[in-house]
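There are 2 protein chains.
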Amino acid sequence: MILAFILFVFKGRKAKLAPDANIKLKYDDDDLLLLTPGPVKLHPRVLKALSSPVRYHREKSFIDSLNFVTKSISNLEGTNNLTVPITGSGTAAMDSAISSMVKRESKVLSFVNGAFSERLYNISRYYSDNVTPYFKEWGKAITGEDVKKALEDKEFDFVTLVHNETSTGVLNPMDEVMQEVNKGGAISIVDGVTSVGSDRVEVDRWGIDAMITASQKCLGGPPGVSFVTLSKRALSVIEKSDRGQNYYLDVRNYIKGGKVDVPFTTATPLVIALQEAIAMIYEEGLDNRINRHRLMGKAVRAGAQAMGLELLAERGHESNTVTAIKIPDKAESVVSQGKRYGVLFAGGQGKLTEKIIRIGHMNTVGEREVLTGLSVLDAVLTDLGIAHETGKGTLAALKEFSSAGSN
Amino acid sequence: MILAFILFVFKGRKAKLAPDANIKLKYDDDDLLLLTPGPVKLHPRVLKALSSPVRYHREKSFIDSLNFVTKSISNLEGTNNLTVPITGSGTAAMDSAISSMVKRESKVLSFVNGAFSERLYNISRYYSDNVTPYFKEWGKAITGEDVKKALEDKEFDFVTLVHNETSTGVLNPMDEVMQEVNKGGAISIVDGVTSVGSDRVEVDRWGIDAMITASQKCLGGPPGVSFVTLSKRALSVIEKSDRGQNYYLDVRNYIKGGKVDVPFTTATPLVIALQEAIAMIYEEGLDNRINRHRLMGKAVRAGAQAMGLELLAERGHESNTVTAIKIPDKAESVVSQGKRYGVLFAGGQGKLTEKIIRIGHMNTVGEREVLTGLSVLDAVLTDLGIAHETGKGTLAALKEFSSAGSN
Chain A
11 MILAFILFVF KGRKAKLAPD ANIKLKYDDD DLLLLTPGPV KLHPRVLKAL
61 SSPVRYHREK SFIDSLNFVT KSISNLEGTN NLTVPITGSG TAAMDSAISS
111 MVKRESKVLS FVNGAFSERL YNISRYYSDN VTPYFKEWGK AITGEDVKKA
161 LEDKEFDFVT LVHNETSTGV LNPMDEVMQE VNKGGAISIV DGVTSVGSDR
211 VEVDRWGIDA MITASQKCLG GPPGVSFVTL SKRALSVIEK SDRGQNYYLD
261 VRNYIKGGKV DVPFTTATPL VIALQEAIAM IYEEGLDNRI NRHRLMGKAV
311 RAGAQAMGLE LLAERGHESN TVTAIKIPDK AESVVSQGKR YGVLFAGGQG
361 KLTEKIIRIG HMNTVGEREV LTGLSVLDAV LTDLGIAHET GKGTLAALKE
411 FSSAGSN
Chain B
11 MILAFILFVF KGRKAKLAPD ANIKLKYDDD DLLLLTPGPV KLHPRVLKAL
61 SSPVRYHREK SFIDSLNFVT KSISNLEGTN NLTVPITGSG TAAMDSAISS
111 MVKRESKVLS FVNGAFSERL YNISRYYSDN VTPYFKEWGK AITGEDVKKA
161 LEDKEFDFVT LVHNETSTGV LNPMDEVMQE VNKGGAISIV DGVTSVGSDR
211 VEVDRWGIDA MITASQKCLG GPPGVSFVTL SKRALSVIEK SDRGQNYYLD
261 VRNYIKGGKV DVPFTTATPL VIALQEAIAM IYEEGLDNRI NRHRLMGKAV
311 RAGAQAMGLE LLAERGHESN TVTAIKIPDK AESVVSQGKR YGVLFAGGQG
361 KLTEKIIRIG HMNTVGEREV LTGLSVLDAV LTDLGIAHET GKGTLAALKE
411 FSSAGSN
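Which chain is which? The protein sequence lines are A and B, in order.
Terminal number for the first sequence in this note's numbering: 417, no gaps in between.
Terminal number for the second sequence in this note's numbering: 417, no gaps in between.
It is possible that some hints are incorrect.
Since the list can't tell identical chains apart, any single copy or any two copies may satisfy a pair.
30 Å max Cα-Cα, derived DSSO-like pairs, lysine-lysine [to be verified]:
(1) K250 x K193
(2) K365 x K70
(3) K336 x K266
(4) K365 x K266
(5) K340 x K269
(6) K58 x K349
(7) K70 x K361
(8) K117 x K250
(9) K113 x K250
(10) K81 x K36
(11) K70 x K34
(12) K340 x K34
(13) K146 x K159
(14) K269 x K365
(15) K193 x K164
(16) K36 x K58
(17) K70 x K58
(18) K81 x K113
(19) K70 x K349
(20) K70 x K36
(21) K269 x K361
(22) K269 x K242
None of these hints come from the bench; they were simulated from the model.
In this text the structure is predicted, and so the values were computed from the model without any measurement.
Excised from the complex, chain A in its bound form (with noise of 0.2 Å):
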C-alpha cells in the first residue's frame, strides 16, 4: 500500500506532458457563454421558471401571468397601448403587425438599413404590391433628413423601421425620426427587439402605432414568443376589416373586448419563465438597466477601439445592446475559435457574412462578461494571427467601468 503510494508519487513526479495532449478544457454547447444578440443567457432564476409545471393556457393564474407580461411589456415602451401576445419569433409579431393592417394596395414607406428592417421590408412586400424603399448603407442610422427626403411630395400609408439593427449595431434617433414621420400621417411599424426592456423606448412620446417585440433579447426570457403593441390610431386601422391577411398571425383573432385573448394554444411555459425575467427588470430598475446597458455598450466599444479594431456603426449612432466589429475575410474563423474558449460570438448576417462579429450584450450581461468577451476575443485574434493591440481591450474596459463609478 505505501509502496504503491510512493511509486504512484515518484511516478507522477516524472510523468511528462505527450506532445500531443489536449489540457484544455472542451467547452460544450451547454457551457457556452451566449454573447449572441439573442437568444441571451438565461439567469438561473428564469431557467427555473421555465421548468415550473406545465400549465393550462386557459386557466386563470396563467392568464394572470399573461396579462403581467403584456402589461409589463407596455409599460417598459412607455405607454398603456394593448400588448398582445404571439406564441412565434420576433419574425411572427413582425408579420402580424403588417399582414393584420397592411392591405395588396398599400403604400408602404420601409427604411432598410440592415438585415432587420430589411425583413420588414419584405415582409410588406408580402403583403403589399405598393412598397417603396428608402435604403441606406448597412452601418449608417437612419436620421430626420433621411425621413424628410423620401416622405418629400409623396403620401404613404404605412411606414416601417427598426429601433436598434441587431445586424449593424446601429441605433436609429427616434425622436428625430419618429417627429418627421408623424408629420407625414402614415402609421408607423417599429421592431424594437432590441431595445424594449434594456433601451430607452417613448412608444407615447415617438407616436409608434405597432411595436414590435420579442422574449428572447431585451426582456431577458427564453425564444418563443413575441408581442406587438397596438396604438388607438393602429386598433381603429384593424377595426375597419374584419380580416387581416395571415389566419394565424391577425391580432383580431387575440383581441376580445379591448383585452388579450388566448385563441390558441400558448406557449405557457415560455410565458412563466418571462414573467420571472421581466420581475427581474423591475427588480433592477429600468432607470438602472438602461444605464448599465449603455456602460456595457461602451466598455465593449472601447475595448474593441483599443485593440486597433473598426465598429461597424456610424459614430454617434452606436447601439446600446449590441456592437459590430469589422473583421474582413476571417470574421466566421473569428466566431468558430471563440467556442474553444467557451464563448459564441456571432457572425454577420446577409450581406455582412464574414466582415463583422457581433457582441451581444444584453440581459445578464455585466463586467463580467464584458472582460470575459474581450479577453477571449484577444485570445481569438492572436490564435489567428490577426493583427490587433494585445492586451489594451479589457484595459480600456476596465478604465471605463472605473469612470462610471461602478462597484
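For this one, chain A is given, so just place chain B on it according to the hints.
Using the frame of chain A, we list chain B on its own:
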C-alpha cells in the same frame, strides 16, 4: 418549560375543529393534475431538459437535436417524408400546411365533425374562395361512405380533415377514409395533433400529403412548436410557385436544398425538451405506447359508462387519447369542482360548451391517473348532486386493467 409542554399537550388534546375550518388541501395551479387533452403533464425528465441552458438556434448541436426531432416525427408517422418544424402552436402548423399550398382559386373540400376540423375549414376559407364543407354531427366519425358521397361528380385540389377529433373524442377510420380520398386525387391535409406519437399513424400507407402535429399532446413535449410532414406530391405543389399566402408560416422558408432550415429564431428550449420526450417514446416502444393508450382509453370509457354516464363519440369510433363524456348543463361546474380535488378536466369547445367534459389520457397518463380521474369525477358528481352510480367507475377501470394483464 415542562409545565408549558404539559399545557401544550393538554390544550392540543382538547382542541376541537372549528365548524368552518377547512382541513382540505388547497391545490394551486402548479399542483394540478392535467387530464386535459393537451397541453399534457410533462415527465420530470422533460421538465429538466426544458431548463437546460439556452442553445443558440444555429449551432450544430441544436441543429442535431432539431433533426432528431423532425426525423423521429416522420418515423412515428410511418414515413420518411420531410417534417418541417414551426415555432408556433398546432394552429400555426394547420395554417402553414394550407397557406403554403392553397391558392385563392383552389378547390378545397373540408370535412367538419368537430372544432378542430372546423378550424381547418375556417383556415381554408381564409385562403381560398372555393371551399366546400362536408358537415357531420359532432361526435360522429367521417367514414369512407362520407368521402364517397362528398367526392361524387366533383373534383377538388385539396381535402382537409382531422385524424383524431380532440373536441369530440372521435377517431376517424383513416384506412377507409384515405382510400376514398385518394381515389379523388386531391392533395390531403390531415391534422394528427392528438394521434401522432400515441396512436397508429400510417402516412405512407394512407397516402397523406401534409400531416400536421404539435409538441404538447401525444408527443409529450411542452406547448409552442408544431410540425408539417410533406409528401413528394405536396413538395411538388410547393415547388410550383415561389410563395404561399403567409410569410412567417411559408414552408418554403424552412426548407433549403431538400433539408430542414432554421430561417428565424426557434424556441430552442421547447425543442430540447421535446427531444427528451421523444427519446422516452422510443424507450417505451411505439407499439407498447399505442397499446397503453388504447387500454387507458378503454378504462376511462368503461369507468364513465359504469357510472351511468354517456359518451359523446359514436360507438366503434372512440378516440384512444381523449374521451368526451356528456354532462348536460353542468359540464363547466364539473370542471370547476374538479380543480378543488387537484384535477383539471377540460370542458367542451364551441357548440359543445356546457354539454361535455373531456378527459385526456395521453402521454404520462397511466393506471394511477385514470383511477385518480375517475374517482375524482365520482366525488365531483356527488358534490354537485348529479345522478350517477357512485363507486362503480374505478371498479370498471380495474376490470379493464386486470383483463389486459397489466402489472
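Consistency of the hints with the structure:
no.: 1; hint: K250 x K193; result: within (23 Å within a copy, 44 Å between copies)
no.: 2; hint: K365 x K70; result: between (49 Å within a copy, 21 Å between copies)
no.: 3; hint: K336 x K266; result: between (48 Å within a copy, 29 Å between copies)
no.: 4; hint: K365 x K266; result: between (47 Å within a copy, 24 Å between copies)
no.: 5; hint: K340 x K269; result: between (50 Å within a copy, 28 Å between copies)
no.: 6; hint: K58 x K349; result: both (26 Å within a copy, 25 Å between copies)
no.: 7; hint: K70 x K361; result: between (47 Å within a copy, 22 Å between copies)
no.: 8; hint: K117 x K250; result: both (17 Å within a copy, 29 Å between copies)
no.: 9; hint: K113 x K250; result: both (12 Å within a copy, 25 Å between copies)
no.: 10; hint: K81 x K36; result: between (43 Å within a copy, 29 Å between copies)
no.: 11; hint: K70 x K34; result: between (51 Å within a copy, 21 Å between copies)
no.: 12; hint: K340 x K34; result: within (24 Å within a copy, 66 Å between copies)
no.: 13; hint: K146 x K159; result: within (12 Å within a copy, 59 Å between copies)
no.: 14; hint: K269 x K365; result: between (45 Å within a copy, 27 Å between copies)
no.: 15; hint: K193 x K164; result: within (12 Å within a copy, 56 Å between copies)
no.: 16; hint: K36 x K58; result: both (26 Å within a copy, 23 Å between copies)
no.: 17; hint: K70 x K58; result: both (21 Å within a copy, 25 Å between copies)
no.: 18; hint: K81 x K113; result: within (29 Å within a copy, 38 Å between copies)
no.: 19; hint: K70 x K349; result: between (43 Å within a copy, 12 Å between copies)
no.: 20; hint: K70 x K36; result: between (46 Å within a copy, 16 Å between copies)
no.: 21; hint: K269 x K361; result: between (41 Å within a copy, 23 Å between copies)
no.: 22; hint: K269 x K242; result: within (13 Å within a copy, 43 Å between copies)
Of the numbered hints stated above, none is contradicted by the structure.
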